[in-house]
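S.K.: Sequence:
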Amino acid sequence: MLSLSEENYLKAIYHLSEQGKTNVSTNLLAEHMGTKAASASDMLKKLSQKELIDYGRYQGANVSESGKKMALQIIRKHRLWEVFLVEKLKFNWNEVHEVAEQLEHIKSPLLIKRLDEFLNFPKKDPHGSPIPDEHGEIKEKPQFPLAEKPPGFEGLVVAVKDPGNHFLEYLDKIGIYLGAKLKIVDRITFDGSSEVIIDNKKTLFLSKEAGANILLSE
1 MLSLSEENYL KAIYHLSEQG KTNVSTNLLA EHMGTKAASA SDMLKKLSQK
51 ELIDYGRYQG ANVSESGKKM ALQIIRKHRL WEVFLVEKLK FNWNEVHEVA
101 EQLEHIKSPL LIKRLDEFLN FPKKDPHGSP IPDEHGEIKE KPQFPLAEKP
151 PGFEGLVVAV KDPGNHFLEY LDKIGIYLGA KLKIVDRITF DGSSEVIIDN
201 KKTLFLSKEA GANILLSE
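Quick note: the sequence shown uses full-length UniProt numbering, first residue 1, plus one each step.
Just so you know, not all the hints are guaranteed correct.
Said to hold, decoys possible - Label-pair ranges, simulated between beta-carbon atoms: (1) Leu111 <-> Lys36: 32 to 38 Å; (2) Asp42 <-> Asn200: 50 to 56 Å; (3) Gly152 <-> Gly175: 18 to 24 Å; (4) Phe144 <-> Asp199: 16 to 22 Å; (5) Val99 <-> Leu156: 35 to 41 Å; (6) Glu195 <-> Glu31: 21 to 27 Å; (7) Glu195 <-> Lys107: 45 to 51 Å.
Just so you know, these hints were derived from the structure itself, not from any lab. All C-beta atoms, glycine included, are put in the ideal place defined by N, C-alpha and C.
Using the sequences plus the hints, can you model the full thing?
M.R.: Structure below.
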């Protein structure tokens, strides 16, 4: 059984490797976790001894097959709790991440099974991220960062890459939500920002960073 800290590190390594950083360096992990490199190095050794990551000094780390399965179960719990908090307790989507960070460490498999049933087996969390099933499988349709699609592209907002409070508050303020229809009108060469129309009504400009965090489907 893993400690709370070990679970947090394992999940972080999984997320960082999923972002294209196949071998997660000690410094990158320490920066992500807001800790010192020495602390991150000690944790990498612990997780390696438990065969949850493949780790070599100066080579970085990546989750092993067993580590991936465990990380996906933690993510499953986190996202199910987010659905519960929004749908049943009426939290806003920008209020649930920190609470779910605490709830994801509950160990009871039966509780999570009952929670999934109670919520009618949701496929996505309130931010549009897919919820792994009880076997750790993820099924999702192709998603594209808005910033990577050309002018003329039309799609639905299906997820956000950054579930941080500030970004979600920003989306609420400008009227972008999951399910919104966006059409890319123009791409500004100078700074990579995008001119978009929301639901065929409202026109606004999105920075390159915002466009990279908003995921669309066709």
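S.K.: Please go over all the hints and tell whether each is borne out by the structure.
M.R.: Cross-check of the supplied hints:
The beta-carbon spacing between Leu111 and Lys36, approximately 35 Å, falls within the hinted interval of 32 to 38 Å. Look at Asp42 against Asn200: about 54 Å separates their beta carbons, and that is inside 50 to 56 Å. At about 22 Å, the CB distance of Gly152 to Gly175 agrees with the hint of 18 to 24 Å. In this structure the hint that Phe144 and Asp199 lie 16 to 22 Å apart at CB holds, the actual value being about 19 Å.
As the Cβ distance of Val99 to Leu156 is approximately 27 Å, the hint placing it in 35 to 41 Å is violated. Checking the proposed 21 to 27 Å range against Glu195 and Glu31 shows it is violated: the Cβ atoms sit about 34 Å from each other. Between Glu195 and Lys107 the C-beta distance comes to about 49 Å, which sits within the given range of 45 to 51 Å.
Going down the numbered hints, you'll see the structure goes against 5, 6, while the others check out.
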